[in-house]
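**Student:** Given next are the chains, with one letter for each unit.
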Amino acid sequence: MTLPVPTTGARRRPAPGNRRWLLLRAGGVVFVLWAAATITFFALRLVPGDPAEAILGGPGSQAGPEALDQVRREYGLDQPLVVQYLTYLGRLATGDLGQSYSLHKPVATAIGEQFGATLALALCSLALAWALACALAAWSVRGGRIAWAIGSGLELVAAAVPHFWLATVLILFFSITLGILPPVSVPGPLGIVLPALTLAIPLAGFLGQVMRESLLTAMESPFVTTARARGESEARIFWRHTLRHAAIPAVGLSGWAFGSLISGAVVVESVFARQGLGRSLLSAVQLRDVTLVTGIVLVVALAYTVMTLVTDLADRAIDPRVRAVPQ
Amino acid sequence: MPSRRFSRPRAAVVVTAAVALLLAACSPGGGTPGEPSGEPVEGGTLTYASGDAEPSCLDPHVGGNYPQALIATQYLESLVSLDESGEVIPWLATEWQEGDDGLSWEFTLREDVQFTDGTPFDAEAVAANIAHVQDPATASSTGYLALAKIENVVAVEDHLVRLELSMPDSALLESLSQIWVAMESPKALERSQEENCAAPVGTGPFVVDEWERQDSVTLVRNDDYTSPPADVPADAGTGLPYLDTIVWRFIPDSASRYAALQSGEAQVIDNAQPDTIRSAESDEAIQELDAPRPGAANRIELNSGKAPFDDERVREAFVRSVNVDEGIESLFFGTAERSYSPLSSVEPLGLSLPELFTVDTDAAAALLDEAGWTERDADGYRVKDGKRLTLDFPVSTNQSIPAEQSLFEQIQADAKEAGFEVRLHPLDLSSWYGALAENDYDLVSAPYTKVGPDVLRVLYHSDSIEPAPSGYFANLAQVDDPALDDLLTRASATSDPDARQSLYEQAQRIILEGYHVLPLYDQQNHFLHSSTVQGLRAMPTVSTPTFAEAWLAS
Numbered sequence: 001m002t003l004p005v006p007t008t009g010a011r012r013r014p015a016p017g018n019r020r021w022l023l024l025r026a027g028g029v030v031f032v033l034w035a036a037a038t039i040t041f042f043a044l045r046l047v048p049g050d051p052a053e054a055i056l057g058g059p060g061s062q063a064g065p066e067a068l069d070q071v072r073r074e075y076g077l078d079q080p081l082v083v084q085y086l087t088y089l090g091r092l093a094t095g096d097l098g099q100s101y102s103l104h105k106p107v108a109t110a111i112g113e114q115f116g117a118t119l120a121l122a123l124c125s126l127a128l129a130w131a132l133a134c135a136l137a138a139w140s141v142r143g144g145r146i147a148w149a150i151g152s153g154l155e156l157v158a159a160a161v162p163h164f165w166l167a168t169v170l171i172l173f174f175s176i177t178l179g180i181l182p183p184v185s186v187p188g189p190l191g192i193v194l195p196a197l198t199l200a201i202p203l204a205g206f207l208g209q210v211m212r213e214s215l216l217t218a219m220e221s222p223f224v225t226t227a228r229a230r231g232e233s234e235a236r237i238f239w240r241h242t243l244r245h246a247a248i249p250a251v252g253l254s255g256w257a258f259g260s261l262i263s264g265a266v267v268v269e270s271v272f273a274r275q276g277l278g279r280s281l282l283s284a285v286q287l288r289d290v291t292l293v294t295g296i297v298l299v300v301a302l303a304y305t306v307m308t309l310v311t312d313l314a315d316r317a318i319d320p321r322v323r324a325v326p327q
Numbered sequence: 001m002p003s004r005r006f007s008r009p010r011a012a013v014v015v016t017a018a019v020a021l022l023l024a025a026c027s028p029g030g031g032t033p034g035e036p037s038g039e040p041v042e043g044g045t046l047t048y049a050s051g052d053a054e055p056s057c058l059d060p061h062v063g064g065n066y067p068q069a070l071i072a073t074q075y076l077e078s079l080v081s082l083d084e085s086g087e088v089i090p091w092l093a094t095e096w097q098e099g100d101d102g103l104s105w106e107f108t109l110r111e112d113v114q115f116t117d118g119t120p121f122d123a124e125a126v127a128a129n130i131a132h133v134q135d136p137a138t139a140s141s142t143g144y145l146a147l148a149k150i151e152n153v154v155a156v157e158d159h160l161v162r163l164e165l166s167m168p169d170s171a172l173l174e175s176l177s178q179i180w181v182a183m184e185s186p187k188a189l190e191r192s193q194e195e196n197c198a199a200p201v202g203t204g205p206f207v208v209d210e211w212e213r214q215d216s217v218t219l220v221r222n223d224d225y226t227s228p229p230a231d232v233p234a235d236a237g238t239g240l241p242y243l244d245t246i247v248w249r250f251i252p253d254s255a256s257r258y259a260a261l262q263s264g265e266a267q268v269i270d271n272a273q274p275d276t277i278r279s280a281e282s283d284e285a286i287q288e289l290d291a292p293r294p295g296a297a298n299r300i301e302l303n304s305g306k307a308p309f310d311d312e313r314v315r316e317a318f319v320r321s322v323n324v325d326e327g328i329e330s331l332f333f334g335t336a337e338r339s340y341s342p343l344s345s346v347e348p349l350g351l352s353l354p355e356l357f358t359v360d361t362d363a364a365a366a367l368l369d370e371a372g373w374t375e376r377d378a379d380g381y382r383v384k385d386g387k388r389l390t391l392d393f394p395v396s397t398n399q400s401i402p403a404e405q406s407l408f409e410q411i412q413a414d415a416k417e418a419g420f421e422v423r424l425h426p427l428d429l430s431s432w433y434g435a436l437a438e439n440d441y442d443l444v445s446a447p448y449t450k451v452g453p454d455v456l457r458v459l460y461h462s463d464s465i466e467p468a469p470s471g472y473f474a475n476l477a478q479v480d481d482p483a484l485d486d487l488l489t490r491a492s493a494t495s496d497p498d499a500r501q502s503l504y505e506q507a508q509r510i511i512l513e514g515y516h517v518l519p520l521y522d523q524q525n526h527f528l529h530s531s532t533v534q535g536l537r538a539m540p541t542v543s544t545p546t547f548a549e550a551w552l553a554s
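These protein sequence lines are chains A and B, in that order.
All letters in the first sequence, in the order written, are residues 1 to 327 by the UniProt record's numbering.
All letters in the second sequence, in the order written, are residues 1 to 554 by the UniProt record's numbering.
This is chain A alone, in the form it adopts within the complex (with noise of 0.2 Å):
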């Protein structure tokens, strides 16, 4: 969980028209993408580490100097930075996002591998955190102050556990002790469940967090006494209104969560030996990949910003007051 919490506050605010809103959004989406790949390529060439040799081989490699000369020649490592730096923005421009030196093949080749799997990973956290949040607050609401406060302890450590170390835990239970589930990734549905466990129980927490404090609103508020006036069940009060009114804060940061999953995802496809982005991204930073880091912080930049444009058309949805227009 390291990426800052946005406020949902600021999306209250009466929605322009739909047209000009998408339109406003797509701008800040190619904005997000040129200032991720600028301050990338500014960030890797400040870190120790000669790039020429990096594709000779990587550190420590005993190539000549003139093979050094003749890569650095070939990849324009020559040129002054700014002139490298709009080389290299003129080619994204065209979707050339470069040859990988470190795998021997082209970026997108390499990303097109491996996105596959790590979106289906925060996908699936994703739900299974809802899914898991959902559960324990419908539980706790309803099972008086000692559930409530349980409930909350729960989502306190959830939110607070580290990845590596639940990671841990859950092979140890289901894989050493139960036998039920592989340690590591497998092909088919069963492999991933450990792996989105991890990711979604802190998730879960932290989603359960924000839930908690409009749930309790939401409860007091006098729709929920009609309802009950109405006659309705606790449990049909709880799934058709006060959740939906919980929900929305939680669904703002699903964007972000989604953001954070893939941070997540460094740690944890290295621990069930999965594939994917985040572990490509891992080894790509350890061996100096310039085109193939930059790569991935693009995708991943490209993915979280159309989450959140998801988010906030669900958003929208959820909440008819977002998307009325003033008078």
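I should point out that these hints are in silico values taken from the structure, not numbers from a laboratory.
Take the hints with a grain of salt, since some may be wrong.
Here chain A is said to cover these stretches of chain B; the calculated rule only asks that three of the stretch's residues, wherever they fall, bring their Cβ under 8 Å from a Cβ of chain A [what the hints assert, rightly or not]:
| # | segment |
| --- | --- |
| 1 | 47 to 60 |
| 2 | 205 to 219 |
| 3 | 426 to 439 |
Here a beta-carbon is modelled for each residue, glycine too, at the ideal position from N, C-alpha and C.
Dock chain B against chain A, hints included.
**Tutor:** Just chain B now, kept in the frame of chain A:
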């Protein structure tokens, strides 16, 4: 051992193995004599879980590191191999002859061998492989150094090749036994590097079938395999290999890797950590293969190229004040044996001088006094001319396992008692190489794998202080001794075994008695495998396990 109810793939293996057993019963079995568990079973899929970084290229000519060697051992073969005692034995070359001047070597090649793409193995293929390793565009590092003295390759006849050298090289055969210069199909080498990296073509018992990045490489049986090295019993030859498929997985986390072995997801794991090996001892379903790597022992190099270690007395004082034995015992749980040699225990020419490394804090204190480090500052560290006795120790967190990093911390604590301030700097690989290139270190531990005692020339000849353009240099102890240079140069030029042994012994004596290194233990190379895996052995060359003769007992 806890129950293992997750057994779907295991059941599949059992079924396959059962079918294979039926098939095997119909054909005359080619059992290796001395195998403990009866007739080999043909067929089956074995999963190998590697803790090493996934290679970026499956062709070990490119770059040339140990993870590449591990997997390439299953599909590539070399001109020569070594037997258990370290003697050079035939493999793809049946015999060889050194010219009288030591500048040319003729190799007679096997005539019945084909690469798995159908290209015949011949003298032209050898020439193409050496050219590939020496081509700067290949960016070979390990293989390039091994073949540095080869100037010209002549295909004398179809199956007779002559290597012409720039200077005599007594290490040539040992160099050629290494997997980093193994033979690949010349036709396959003509493909782009991207293609060749993804599926190199060799003559080995398995063939690269598919590489799913960051997951696994699938190796399938080479049905036409004919060319095991000479130490494989002749009657085992035709039936090899027994396994149908090897799934080569990459599981970086050591706890997950062990869990995969326990749960049956994997049958062999590498990079087993000391605590894991210890806990596996009580598990009958798991066995260990300990295969120390050849070349240099793991050791701490004392940088004699600058103060304070340019003074031999200070080096000896440091070595005498740290209790390495105790640290190894407590941190490695008896899985690593203390070394007193610059060479690995698998090198027949290694010289061990334990008496130089006994702990003697009084002697250390006297040496430091003598060297002028007489004062102590408020923190208890020795001081000379107002300068504290400080040692910088960059530690590569990629190369030093957790137990080794803890050992360095114990050494730091011991050295503090004697008045040394050891500053440990844990670094990632790029920054670590950076610190070495800047000469920003007094102590360092760097592994080096190479077959044969010629590794001493690489590591301690003064030529190796000269950095490559990348800043890389191998002589990290910065030993600059003309007498040692002379011994190492003569040793690498003589092929008389007795003279060679005597020269390398004198060279090691100089290195050890000059307190240039503090030997720790062999380069650790521990494998754990399920008891169902039979016939697994490590190659006597670079200690990589080979599955050519391995099979899965039902």
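**Student:** Look at each hint and say if it fits the structure.
**Tutor:** Going through the hints against the structure:
Counting residues of the segment 47 to 60 of chain B whose CB lies closer than 8 Å to any CB of chain A gives 5, so the stated coverage by that chain holds, three being the minimum. Judged by the Cβ-Cβ criterion of 8 Å, the segment 205 to 219 of chain B is covered by chain A as claimed, because 4 of its residues qualify and three suffice. Check result for the segment 426 to 439 of chain B against chain A: holds, 7 residues qualifying (beta carbon to beta carbon below 8 Å, three or more required).
Checked against the numbered hints given earlier, the structure satisfies every one of them.
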